[in-house]
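Based on the provided sequences and hints, a complete structural model is requested.
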Amino acid sequence: MSLRLYLVRRLALMVFVLIGIVVVTFFIVRVVPSDPAQLYLGARSRAGQVEEVRRQLGLDRSLVVQFGGYVGDLLTGDWGESLRTRHSVLEDILHFLPASLELIISAMIVAIIVGVSLGALSAYRKGGLIDHGSRIVAIAGVSLPAFFLALLLQVIFFRVLGWFPVATQIDPVVAQTHPVTHVTGMLVVDAFITGNFVAFADALWHLVLPTLALAAYPAGLIMRMTRSAMLEALETDYIKMARAMGVRQRFIVLKYALKNSLAPVLTVIGLMFAYSLVGTFFVELIFAWPGLGTYATMSILSLDYPAIMGVTIVVAFMYVFANLIVDLLIAWLDPRVVLS
Amino acid sequence: MESPLLDIRDLRLEFRSYRGVVKALDGVSLAVDKAEILGLVGESGCGKTITGMSVLGLLPRQQARVTSGEVLFRGDDLLRKSEHEMQRIRGRLISMVFQDPLASLNPVFTVGDQITKVIREHKRVSKKAARDAMCRALSETGLPTHKTLLHSYPHQLSGGMRQRVCMAMAISCDSPLLIADEPTTALDVTIQMQILKLLLRLREELGVAQILVTHNVGVAAQTCDRIAVMYAGQVVEQGPTVAVMKEARHPYTMALYECLPQGKSAQELLTIPGSVPDLIDPPAGCRFHPRCRRVLDVCRDVRPPLVEVARGHRVACHWVAEQSGPVRIPPES
Amino acid sequence: MEMRRTPILGMWGSYRTRHQAAFEESRYSLRVFLKDRLALLGVCLILATIIVAVAAPWIAPYPDQGRGASNVKERLEAPSRAHPFGTDASGRDVLSRVIFGARIPLMISSVVVAAVLIIGVPLGGIAGYIGGWIDELVMRITDIFLAFPALILAMALVAFLGPSLRNVAIALVITWWPWYTRLVRGMAVSLRQRPYVLAARTMGVSQWTIIRRHVLPNALGPVVVQVSLDVGTVILEVAGLSFIGLGARPPQPEWGLMVSEGREYILSEWWISTFPGLAIFLLVLACNLVGDGLRDVLDPRTKR
Numbered sequence: 001m002s003l004r005l006y007l008v009r010r011l012a013l014m015v016f017v018l019i020g021i022v023v024v025t026f027f028i029v030r031v032v033p034s035d036p037a038q039l040y041l042g043a044r045s046r047a048g049q050v051e052e053v054r055r056q057l058g059l060d061r062s063l064v065v066q067f068g069g070y071v072g073d074l075l076t077g078d079w080g081e082s083l084r085t086r087h088s089v090l091e092d093i094l095h096f097l098p099a100s101l102e103l104i105i106s107a108m109i110v111a112i113i114v115g116v117s118l119g120a121l122s123a124y125r126k127g128g129l130i131d132h133g134s135r136i137v138a139i140a141g142v143s144l145p146a147f148f149l150a151l152l153l154q155v156i157f158f159r160v161l162g163w164f165p166v167a168t169q170i171d172p173v174v175a176q177t178h179p180v181t182h183v184t185g186m187l188v189v190d191a192f193i194t195g196n197f198v199a200f201a202d203a204l205w206h207l208v209l210p211t212l213a214l215a216a217y218p219a220g221l222i223m224r225m226t227r228s229a230m231l232e233a234l235e236t237d238y239i240k241m242a243r244a245m246g247v248r249q250r251f252i253v254l255k256y257a258l259k260n261s262l263a264p265v266l267t268v269i270g271l272m273f274a275y276s277l278v279g280t281f282f283v284e285l286i287f288a289w290p291g292l293g294t295y296a297t298m299s300i301l302s303l304d305y306p307a308i309m310g311v312t313i314v315v316a317f318m319y320v321f322a323n324l325i326v327d328l329l330i331a332w333l334d335p336r337v338v339l340s
Numbered sequence: 001m002e003s004p005l006l007d008i009r010d011l012r013l014e015f016r017s018y019r020g021v022v023k024a025l026d027g028v029s030l031a032v033d034k035a036e037i038l039g040l041v042g043e044s045g046c047g048k049t050i051t052g053m054s055v056l057g058l059l060p061r062q063q064a065r066v067t068s069g070e071v072l073f074r075g076d077d078l079l080r081k082s083e084h085e086m087q088r089i090r091g092r093l094i095s096m097v098f099q100d101p102l103a104s105l106n107p108v109f110t111v112g113d114q115i116t117k118v119i120r121e122h123k124r125v126s127k128k129a130a131r132d133a134m135c136r137a138l139s140e141t142g143l144p145t146h147k148t149l150l151h152s153y154p155h156q157l158s159g160g161m162r163q164r165v166c167m168a169m170a171i172s173c174d175s176p177l178l179i180a181d182e183p184t185t186a187l188d189v190t191i192q193m194q195i196l197k198l199l200l201r202l203r204e205e206l207g208v209a210q211i212l213v214t215h216n217v218g219v220a221a222q223t224c225d226r227i228a229v230m231y232a233g234q235v236v237e238q239g240p241t242v243a244v245m246k247e248a249r250h251p252y253t254m255a256l257y258e259c260l261p262q263g264k265s266a267q268e269l270l271t272i273p274g275s276v277p278d279l280i281d282p283p284a285g286c287r288f289h290p291r292c293r294r295v296l297d298v299c300r301d302v303r304p305p306l307v308e309v310a311r312g313h314r315v316a317c318h319w320v321a322e323q324s325g326p327v328r329i330p331p332e333s
Numbered sequence: 001m002e003m004r005r006t007p008i009l010g011m012w013g014s015y016r017t018r019h020q021a022a023f024e025e026s027r028y029s030l031r032v033f034l035k036d037r038l039a040l041l042g043v044c045l046i047l048a049t050i051i052v053a054v055a056a057p058w059i060a061p062y063p064d065q066g067r068g069a070s071n072v073k074e075r076l077e078a079p080s081r082a083h084p085f086g087t088d089a090s091g092r093d094v095l096s097r098v099i100f101g102a103r104i105p106l107m108i109s110s111v112v113v114a115a116v117l118i119i120g121v122p123l124g125g126i127a128g129y130i131g132g133w134i135d136e137l138v139m140r141i142t143d144i145f146l147a148f149p150a151l152i153l154a155m156a157l158v159a160f161l162g163p164s165l166r167n168v169a170i171a172l173v174i175t176w177w178p179w180y181t182r183l184v185r186g187m188a189v190s191l192r193q194r195p196y197v198l199a200a201r202t203m204g205v206s207q208w209t210i211i212r213r214h215v216l217p218n219a220l221g222p223v224v225v226q227v228s229l230d231v232g233t234v235i236l237e238v239a240g241l242s243f244i245g246l247g248a249r250p251p252q253p254e255w256g257l258m259v260s261e262g263r264e265y266i267l268s269e270w271w272i273s274t275f276p277g278l279a280i281f282l283l284v285l286a287c288n289l290v291g292d293g294l295r296d297v298l299d300p301r302t303k304r
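Residue numbers (our numbering), protein chains in the order written: chain A, 1 to 340; chain B, 1 to 333; chain C, 1 to 304.
If you're looking for bench data, these hints aren't it; they were derived computationally from the structure. Treat the hints loosely; a few may be bogus.
With a cut-off of at most 35 Å between alpha-carbon atoms, the simulated DSBU-like pairs for lysine-lysine come out as follows [said to hold, decoys possible]:
| hint | chain 1 | residue 1 | chain 2 | residue 2 |
| --- | --- | --- | --- | --- |
| 1 | C | K35 | B | K23 |
| 2 | A | K240 | B | K127 |
| 3 | A | K126 | B | K147 |
| 4 | B | K246 | A | K255 |
| 5 | B | K147 | B | K81 |
| 6 | A | K240 | B | K23 |
| 7 | B | K23 | B | K81 |
Computed from a predicted structure; not experimentally measured.
This is the structure in structure tokens:
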């Protein structure tokens with residue numbers, strides 16, 4: 001199979017999956033609840049209102065017509081109005097998304113660096129101190145609920161040690177004295193590219209604890225996967241051959257074995273991105289981070305259905321694109337993928 | 001007489017496994033001269049491959065322990081070298097190719113990258129010089145040197161081409177000794193012949209000495225100058241190919257030939273009764289005695305020494321020694 | 001008595017001889033597993049949790065508070081002899097609530113795992129072994145479900161079904177089954193090519209018999225490993241959903257909910273959140289240790 005054919009097939013699968021997501025969310029919105037109109041009105045409903053909403057939502061028409069309307073609304077960007085903020089859901093999401101992305105990306109960077117390097121090191125020195133130590137740390141890392149870890153970090157690094165701030169993206173005083181120009185919406189990035197280094201340092205400082213809380217689980221899983229994939233690679237004949245040809249062990253481990261283990265590791269990284277997309281909900285709630293997670297949890301608590309659905313769709317779409325990137329990376333790095 | 005290129009003396013090696021200690025090699029002595037091809041023949045599990053791997057120090061050090069012996073390469077004991085020194089020797093002075101060429105090549109790097117890596121690992125040369133060296137090695141092995149090959153991945157090549165690539169990698173640093181571990185076993189019969197011819201040509205043109213590890217007596221007979229027959233971690237017979245083929249003395253060697261299917265009907269075809277002994281608890285005396293047709297009382301208790309029965313032809317067997325009477329070895333001239 | 005016992009023993013004996021290799025194998029696996037001290041620690045922790053959960057009414061110092069009765073006279077008391085884990089904002093003994101809380105994750109995770117296996121395993125076996133359009137259909141459906149990060153789908157479902165532990169369990173089943181379908185399907189596809197399955201097919205054994213006798217039993221090992229590795233995640237997700245208010249309702253003694261209730265007090269009355277949080281950590285840790293140990297023995301790729 002050629003690379004182009006692989007690309008076409010992969011993109012076709014993605015389109016299919018995106019359609020599938022829309023169908024599933026439609027079912028959750030319109031079919032799962034016994035009376036969607038009642039849900040949309042919440043506790044404030046008065047008699048007569050229900051009928052009106054029912055007509056607004058098109059619930060009196062057939063499911064097929066409803067689905068057509070639902071898809072049309074999604075495509076035209078009409079994702080409904082948040083019951084809580086009274087803003088357009090799509091606008092709300094685009095407003096809150098950058099802060100979350102900032103946190104997720106920084107957590108993934110930390111998790112990948114820590115996970116891959118410690119995993120590779122454990123495989124290189126299998127059975128050694130680092131191997132045993134990092135196994136225990138990794139298992140502990142994947143056993144800690146993110147929300148509990150976030151609370152623990154607050155107690156230890158804010159209450160006991162006083163090293164890091166406990167909440168929000170930036171100190172309010174710094175935000176006043178050194179206001180950050182809005183470019184991407186990601187505070188650290190904006191501060192950096194506009195040369196606002198006081199705000200940059202402060203925002204980075206605020207980013208540390210949430211990042212650690214969110215990175216623990218992905219780091220642990222990436223570490224374990226890197227280790228086992230590399231051990232598997234190190235057992236192969238081509239490693240034996242490379243050794244028989246006098247290639248240095250360090251090069252064998254860090255280049256030959258690592259590149260061969262990248263496919264499973266990248267797959268896990270994709271999964272961990274999915275984890276972070278939702279894990280950030282808990283972390284943001286605890287660190288008062290003004291991101292999508294806070295928006296989502298507030299929406300859930302106030303049963304703000306349009307907002308919940310909007311967040312669900314955005315998160316699912318982001319995950320689909322992340323998976324596409326992972327698959328393309330794998331295909332690029334591992335020439336066997338395209339062939340099979 | 002000049003000392004041999006590689007001289008393995010009384011090599012004993014043990015493996016630790018979860019069932020106990022495996023006495024994998026028990027006093028193996030072999031010598032390879034310059035530009036000589038030595039065939040190492042025996043059933044699977046007899047220690048042929050392990051002998052080859054231990055020359056290069058490729059066995060895992062925690063599990064495989066050399067209990068005695070020396071491996072002299074140009075008079076230097078390889079067993080005393082550090083891992084770093086061995087790494088400098090592998091590929092440059094001694095290289096090894098393996099049975100399955102597809103598995104032996106790294107699937108995610110191009111053929112060209114893998115060969116140049118080996119060259120630049122051993123020689124401080126420019127990329128251009130490494131490329132030239134690679135092209136030389138490739139043409140020695142009968143491969144084209146155009147970009148399509150260099151930029152292709154192992155899975156895009158045919159079996160024969162892959163094994164040639166492995167060979168090219170092995171000779172890319174002009175190593176004087178090549179250990180070929182069953183290099184033809186995974187290939188089609190037609191390709192087998194080409195690879196064997198290649199081995200012969202490497203010896204003729206570049207003077208590469210070789211140890212050809214094979215379970216196939218026919219392959220060894222066609223290619224080798226001398227043959228050593230191994231059984232259960234010991235060398236039981238060795239000598240010039242003609243002598244070992246035509247005047248095999250050890251009952252095990254003879255039994256091996258009787259198993260060859262050439263020109264025989266199924267009724268005539270023989271098998272060796274019993275199976276390869278468990279090396280955790282090998283039989284006392286001669287390790288072949290439980291399966292031997294000529295077994296004597298002494299075989300059960302005393303390990304037979306290698307005795308020269310003709311010039312350069314040595315056999316480890318009490319029965320042979322008894323038959324030929326007290327052997328007088330003519331002084332070497 | 002004797003008369004009745006003998007044939008059963010006889011059957012057992014013949015079963016043993018027929019499956020001798022498998023028995024040797026599992027005995028060896030068990031030995032390796034028992035040598036793994038961390039995995040053993042995990043088993044002990046899980047057993048301890050089960051005992052605590054079952055015996056909760058007898059070992060909890062304040063059983064009624066454990067179930068949810070408030071006790072406003074003793075609000076926010078620091079750990080003491082009377083209340084080793086302190087009391088929460090409603091004056092309830094945290095230790096008693098942690099003890100009663102052991103029941104919820106154990107029950108939900110067993111229900112979820114059982115349901116997921118009942119749906120996922122046969123479906124995967126059928127899709128993988130029969131192939132064709134059934135396979136295509138089942139796989140595309142799993143594709144769609146796997147396109148969601150599991151937890152967001154669960155959240156949306158529970159939000160629309162209404163917050164409760166029962167709905168959390170339903171949502172988790174809906175999000176988990178595709179993983180098992182895919183796992184078993186992959187095994188079934190590779191098993192279809194195995195010589196003994198081919199042999200059975202050429203001898204005219206029916207597809208259902210082959211799926212039942214060959215495909216499903218062979219998928220058992222990897223499925224057990226996967227379950228043991230996933231139970232911890234299921235427990236984490238139940239706690240997480242309860243933490244953001246989608247699972248257990250107050251005053252249920254659910255660990256995630258308890259952490260959430262203590263959240264605003266974390267910097268002063270740290271014990272309210274810390275002890276239930278530690279309880280989640282220990283139980284999940286135990287599951288992961290067992291899973292890790294089981295994988296080392298049962299997964300053919302990491303064996304020996």
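Against the structure, the hints:
Between C/K35 and B/K23 the alpha-carbon distance is near 27 Å, which keeps this suggested pair within the 35 Å criterion. Taking the CA atoms of A/K240 and B/K127, the gap is near 25 Å; set against the 35 Å cutoff, the hint holds. Between A/K126 and B/K147, the direct Cα distance comes to roughly 39 Å. Violation of the 35 Å bound is thereby established for this hinted pair. For the given pair, B/K246 sits about 50 Å from A/K255 by alpha-carbon distance, which is inconsistent with the 35 Å threshold.
Distance hint between B/K147 and B/K81 is unfulfilled; the C-alpha atoms sit about 39 Å from each other, more than 35 Å. With a C-alpha separation of about 23 Å, the suggested pair A/K240 and B/K23 falls inside the 35 Å cut-off, and the hint holds. Between the alpha carbons of B/K23 and B/K81 the distance comes to roughly 23 Å, so the proposed pair stays at or under 35 Å and holds.
Of the numbered hints listed earlier, those contradicted by the structure are 3, 4, 5.
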